[in-house]
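Following the hints, position chains H and R against chain C.
Chains as they are written, first to last, in this note's numbering: chain C, 139 to 395; chain H, 139 to 395; chain R, 139 to 395.
Bear in mind the hints are in silico, worked out from the structure with no lab data behind them. These numbers come from a predicted model, not from an experiment. Check before you lean on any hint, since a few could be wrong.
The list makes no distinction among identical chains, and a pair is therefore deemed to hold if it is satisfied within one copy or across any two copies.
Stated by the list, open to error - The calculated DSSO-like cross-link candidates involving lysine-lysine, where the alpha carbons are at most 30 Å apart (straight line), are: (1) LYS356 / LYS288; (2) LYS169 / LYS221; (3) LYS286 / LYS221; (4) LYS323 / LYS305; (5) LYS383 / LYS322; (6) LYS169 / LYS286.
What follows is each chain in one-letter form.
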Amino acid sequence: MSLPIFLMSDLGEGSIYVAAMRAVALTLSPKSAVYDITHSIPPHDIAYAALVLEDVVPYLPPCVLVVVVDPGVGGERAVITAKSGEVVAIAPDNGVLTPLLTDATVFRVENESLMLCPISPTFHGRDIMAPVAARIAAGLNIEEVGPKHKPTMLVLPEPDVSDNLVKGRVVHVDTFGNLVTNIKKVHLEEAGIGAEVSVRVSGRQIGRRVRTYSDARKGTLVWLWGSFGRLEVAVVEGSAAERLKATRGSTVEVCGS
Amino acid sequence: MSLPIFLMSDLGEGSIYVAAMRAVALTLSPKSAVYDITHSIPPHDIAYAALVLEDVVPYLPPCVLVVVVDPGVGGERAVITAKSGEVVAIAPDNGVLTPLLTDATVFRVENESLMLCPISPTFHGRDIMAPVAARIAAGLNIEEVGPKHKPTMLVLPEPDVSDNLVKGRVVHVDTFGNLVTNIKKVHLEEAGIGAEVSVRVSGRQIGRRVRTYSDARKGTLVWLWGSFGRLEVAVVEGSAAERLKATRGSTVEVCGS
Amino acid sequence: MSLPIFLMSDLGEGSIYVAAMRAVALTLSPKSAVYDITHSIPPHDIAYAALVLEDVVPYLPPCVLVVVVDPGVGGERAVITAKSGEVVAIAPDNGVLTPLLTDATVFRVENESLMLCPISPTFHGRDIMAPVAARIAAGLNIEEVGPKHKPTMLVLPEPDVSDNLVKGRVVHVDTFGNLVTNIKKVHLEEAGIGAEVSVRVSGRQIGRRVRTYSDARKGTLVWLWGSFGRLEVAVVEGSAAERLKATRGSTVEVCGS
Numbered sequence: 139m140s141l142p143i144f145l146m147s148d149l150g151e152g153s154i155y156v157a158a159m160r161a162v163a164l165t166l167s168p169k170s171a172v173y174d175i176t177h178s179i180p181p182h183d184i185a186y187a188a189l190v191l192e193d194v195v196p197y198l199p200p201c202v203l204v205v206v207v208d209p210g211v212g213g214e215r216a217v218i219t220a221k222s223g224e225v226v227a228i229a230p231d232n233g234v235l236t237p238l239l240t241d242a243t244v245f246r247v248e249n250e251s252l253m254l255c256p257i258s259p260t261f262h263g264r265d266i267m268a269p270v271a272a273r274i275a276a277g278l279n280i281e282e283v284g285p286k287h288k289p290t291m292l293v294l295p296e297p298d299v300s301d302n303l304v305k306g307r308v309v310h311v312d313t314f315g316n317l318v319t320n321i322k323k324v325h326l327e328e329a330g331i332g333a334e335v336s337v338r339v340s341g342r343q344i345g346r347r348v349r350t351y352s353d354a355r356k357g358t359l360v361w362l363w364g365s366f367g368r369l370e371v372a373v374v375e376g377s378a379a380e381r382l383k384a385t386r387g388s389t390v391e392v393c394g395s
Numbered sequence: 139m140s141l142p143i144f145l146m147s148d149l150g151e152g153s154i155y156v157a158a159m160r161a162v163a164l165t166l167s168p169k170s171a172v173y174d175i176t177h178s179i180p181p182h183d184i185a186y187a188a189l190v191l192e193d194v195v196p197y198l199p200p201c202v203l204v205v206v207v208d209p210g211v212g213g214e215r216a217v218i219t220a221k222s223g224e225v226v227a228i229a230p231d232n233g234v235l236t237p238l239l240t241d242a243t244v245f246r247v248e249n250e251s252l253m254l255c256p257i258s259p260t261f262h263g264r265d266i267m268a269p270v271a272a273r274i275a276a277g278l279n280i281e282e283v284g285p286k287h288k289p290t291m292l293v294l295p296e297p298d299v300s301d302n303l304v305k306g307r308v309v310h311v312d313t314f315g316n317l318v319t320n321i322k323k324v325h326l327e328e329a330g331i332g333a334e335v336s337v338r339v340s341g342r343q344i345g346r347r348v349r350t351y352s353d354a355r356k357g358t359l360v361w362l363w364g365s366f367g368r369l370e371v372a373v374v375e376g377s378a379a380e381r382l383k384a385t386r387g388s389t390v391e392v393c394g395s
Numbered sequence: 139m140s141l142p143i144f145l146m147s148d149l150g151e152g153s154i155y156v157a158a159m160r161a162v163a164l165t166l167s168p169k170s171a172v173y174d175i176t177h178s179i180p181p182h183d184i185a186y187a188a189l190v191l192e193d194v195v196p197y198l199p200p201c202v203l204v205v206v207v208d209p210g211v212g213g214e215r216a217v218i219t220a221k222s223g224e225v226v227a228i229a230p231d232n233g234v235l236t237p238l239l240t241d242a243t244v245f246r247v248e249n250e251s252l253m254l255c256p257i258s259p260t261f262h263g264r265d266i267m268a269p270v271a272a273r274i275a276a277g278l279n280i281e282e283v284g285p286k287h288k289p290t291m292l293v294l295p296e297p298d299v300s301d302n303l304v305k306g307r308v309v310h311v312d313t314f315g316n317l318v319t320n321i322k323k324v325h326l327e328e329a330g331i332g333a334e335v336s337v338r339v340s341g342r343q344i345g346r347r348v349r350t351y352s353d354a355r356k357g358t359l360v361w362l363w364g365s366f367g368r369l370e371v372a373v374v375e376g377s378a379a380e381r382l383k384a385t386r387g388s389t390v391e392v393c394g395s
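For reference, chain C alone in the conformation it holds in the complex (with noise of 0.2 Å):
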């Protein structure tokens, strides 16, 4: 039995660019299913890239995780590969990867006879990635892609804690229009913030904590715990990033009171 491979990216839903990488892993590994993550991060973000990785890697079965956000493709940046628990993934050397480095073996990837030939220099998750994701999902051992690597590592962005005070960011706006952040409980205890909690985005008070979006009247504006550990701000059966004119970037800051 072949292992899965799932793809993220930044080239876009619906991309041709993706397809193309689709067909190769389908071509080179037969009896893999292939799935798609994301192709929504904004390009060339590697830094929101890290971060979804951060919360969905958790999910994923056993399978081959191959990430493109490549700004760098075709220069002096390595193609790496890592086993990250049951998860093999493989991605530019660019700190994307970083939430599932830590503790990993990373490998560079240059045995040549794994990848596709003639090689792109713009397209390196069709023409490198994608074969080698396919080849490790039907078997291959990962020590066969290359040396040991030292990869790079990002400082993933995350908020600034003080006595008493958490200031973080909205990094990302969902469907609804949600205001998801980078702030978790642990940075709130960090700052030895307690049971009261005052909430403010761009300099506006957030009127009250829920457990889940439908416990305050539909207009509320609320913050909450989200599915993902991170303080999230919403308005109940509204949008929240439109009712605070917030984005991503916009500021968040947590104090107790």
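What follows is chains H and R alone, placed relative to chain C:
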């Protein structure tokens, strides 16, 4: 052989929430294939999702179908599952499954041993519906999920039918700008409308009926019986939505003449 | 082992029309996997779809490929199927398969026992193409679909080649704003253009040629040979479409200098 799993939601194409559901389903039923119906249901639009199910479910193979349009997540509403023909559906008990529940035995999902742990109060799609669907796809008997349940049924937006007049609405604007309505042939029969028919959208007369788009010249405004049995207004090789400045919800009137 | 089925159309990402096709294909070939190429072909744009096929088909595994770009649905045009290498394609006979039909034997799909019943005059993708594709994927011999057929061939939009000058067009703007053209190396050879090359988009000179995007500084306007062999104009880590106010159809001129 495990059943395939189909996902449908208002979470958006390329949503990482959907990616997490897909990952959970494949983790718990590795021999299932997971497919999407659509994730472009307008946010929280239960009635719209029910209409889509009415049109699409008759074409599905034997499968497990997960429908996540769930404004009441984490509140009082139950999660239910029911078998309709060869399709086992699982969804919040908010009426979204209405077209599938005539004559179906419905069960309330309560068996926590089938769910993820912990359960986020804001994302039952990932923590309850996807895992229970996966276990059913892998062979679990639907009666194991919990007790029988009397489901919430929705009154779907039917057209008003009176003597010689049917008043309906545009329920969907497709990618070509075609206006798909909630009017079917049966409504015309109920109104006693015969072969001579006059169709108006937002008060404007639609020229003629065709069998298919290519039966009239480019640019002609026509109406026809669409591929799901719904009255449809189109501009040949153009956009009826633009021409008529019509949107979802616009009034469509049919009378005999 | 059934063949995988690939779907491509102008029906839009997340389209419920596509969902119905996917459902029909899986019903009639339950052991096939069904994948998407793209559903973002501009509505009715046969020439665009043909260009996508030219680029993507060489990467496909052995499969059945369904192409639904079908402005003439329900009219006089036939539905055809043909084997090109290891890919069996099925599509309306409107020229969309042109890049695959050189030397291929083409059959007209007429065997009604292979189709759904009834057949909607407005959606042959669901009622004819998906079911016939599924039966071929499950083992049906292509010759069973109907008689041999002389297909409609499209003249694809090739650049004008004259002495020392190639005049082409932007055929695709990708998610990064890169301008992908219909100009290939062979056209420069035909025009007798050597190593020294000057490229202009809408009359504006493009600075320099690079091997890959990262070969120049952020913000530089460059041109290169893209990953599908097409001349491409890009802004490093920016959008050439925005910078040059260029869109699909914009003129691109190449001359020797």
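A quick look at each hint next to the structure:
no.	hint	verdict
1	LYS356 / LYS288	between (51 Å within a copy, 26 Å between copies)
2	LYS169 / LYS221	both (21 Å within a copy, 22 Å between copies)
3	LYS286 / LYS221	within (12 Å within a copy, 44 Å between copies)
4	LYS323 / LYS305	within (13 Å within a copy, 53 Å between copies)
5	LYS383 / LYS322	within (23 Å within a copy, 42 Å between copies)
6	LYS169 / LYS286	within (29 Å within a copy, 33 Å between copies)
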